[in-house]
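Enquirer: Chain A is already provided as a structure; the job is to place chain B on it using the hints.
So the protein sequences, as listed, match chains A and B. Start counting the first sequence at 5; every next residue gets the next number (the numbering used here). Start counting the second sequence at 3; every next residue gets the next number (the numbering used here).
Honestly, the hints are just simulated from the structure, not real lab data. Here the structure is a predicted model, which means the values were calculated and not measured. C-beta atoms are modelled at their ideal positions from N, C-alpha and C, and glycine is treated no differently. Fair warning: there could be bad hints in the mix.
Stated by the list, open to error - Short, incomplete list of chain A residues facing chain B, as computed with Cβ under 8 angstroms:
id	residue
1	Leu20
2	Thr54
3	Leu119
Stated by the list, open to error - No more than 20 angstroms apart at the CA atoms, straight line, and that leaves these computed lysine to any residue pairs for SDA-like:
id	chain 1	residue 1	chain 2	residue 2
4	B	Lys88	A	His52
5	A	Lys55	B	Phe90
6	B	Lys88	A	Arg133
7	B	Lys69	A	Lys55
8	B	Lys38	B	Lys88
9	A	Lys73	B	Lys69
10	A	Lys55	B	Glu54
11	B	Lys88	A	Lys73
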Amino acid sequence: MRMLDVSNGFDMNVILLDFEFDSDFISVREAVISARDALIHRQIGCEHVTKIELAVAEALNNVVEHAYKETCNGMICMKVEQSGKSIIVSVMDHGLPFPSDKLSVNEPVHAGVALSDIPEGGFGWYFIRTMAENVNHRRSKDGINHLQMEFRV
Amino acid sequence: MNLSSSQMEPAHVVTVDSNRIDAAVAIQFKDLLRAKMAPIEGRHILDLSNVEFVDSSGLGAIVAAMKMMEDNQTLELAGLNPGVAKVFSLTRMDTVFVIHSTVEEGVSARVG
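Looking at chain A on its own, in the form it has when it is part of the complex:
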């Protein structure tokens, strides 16, 4: 008996995780661990799990800090799917839009940099872009921010 292909005619999308949680750092930690455990359960290789775990943590932290300005006043939806050789993580929130100007991104430091010049933050987007093969974000008409990250595994 043949399996029915229901999505893109080639590989089936398997939803590993799809849930909603509060926008505070403790709930984010639990969500990151849930995503990690779902990937391990799916037997995704541990190097890939590590990179996805980091990117997801950064993306969710960004929602708490920037979309909701740490007011803990909103929900975050996260979906983790496997599509063939990719893991796709979608994050949705109804907070403030992404800033229209360039997102603050700190690049790696260089040897010999003065101690006072070493940044203490701003690496989040750099990690996301380095770990994920594809990243895109948009804001829908009903005021929902959609972030999608695709990881080759």
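Expert: Chain B alone, transformed into the frame defined by chain A:
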């Protein structure tokens, strides 16, 4: 978030007893680390062997602790697990911090 410390001459070793340094605990971690380090001059080694996950908040807290040191103090790192080492190498913070594979190796190293 728990830190413990011990004197392992010639270094003061601060061990992170938790397995994640993330946004949920970064500020608390930074404050605890400063408190552990402040009274003691000389070499400090941060033992991260129990830590499996550090995100940019955790990294920032470690950097902040280093920047707050007095001139008579240094901070080195030891026992980075692979995921944590990756965070340091991606940001090239491994060129800024002295990193030892184990605390023992760090304690016996000559750091000039």
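Enquirer: All hints, please: hold or fail.
Expert: Each hint tested on the structure:
1. For the restraint placing Leu20/A at the interface with chain B, the shortest Cβ-Cβ distance is roughly 19 angstroms, beyond the 8 angstroms limit, so the hint is violated.
2. Checking Thr54/A against chain B by beta carbon gives a least distance of about 4 angstroms; that is within 8 angstroms, so the hint holds.
3. Taking 8 angstroms as the C-beta cut-off, the interface hint given for Leu119/A holds, the closest approach to chain B being about 6 angstroms.
4. The hinted pair formed by Lys88/B and His52/A meets the criterion: a straight-line CA distance of about 12 angstroms does not exceed 20 angstroms.
5. Of the supplied pair hints, the one linking Lys55/A and Phe90/B holds, its CA atoms being roughly 13 angstroms apart against a limit of 20 angstroms.
6. The hinted pair formed by Lys88/B and Arg133/A meets the criterion: a straight-line CA distance of about 15 angstroms does not exceed 20 angstroms.
7. In summary, the hint linking Lys69/B to Lys55/A is not supported, as the alpha carbons are separated by about 28 angstroms, beyond the 20 angstroms threshold.
8. Simply put, Lys38/B and Lys88/B have alpha-carbon atoms about 26 angstroms apart, too far for the 20 angstroms limit, and the pair is violated.
9. A distance of roughly 26 angstroms separates the Cα atoms of Lys73/A and Lys69/B; the hinted pair therefore is violated under the 20 angstroms criterion.
10. The hinted pair formed by Lys55/A and Glu54/B meets the criterion: a straight-line CA distance of about 13 angstroms does not exceed 20 angstroms.
11. Our distance criterion of 20 angstroms between C-alpha atoms is broken by Lys88/B and Lys73/A, whose separation comes to about 29 angstroms.
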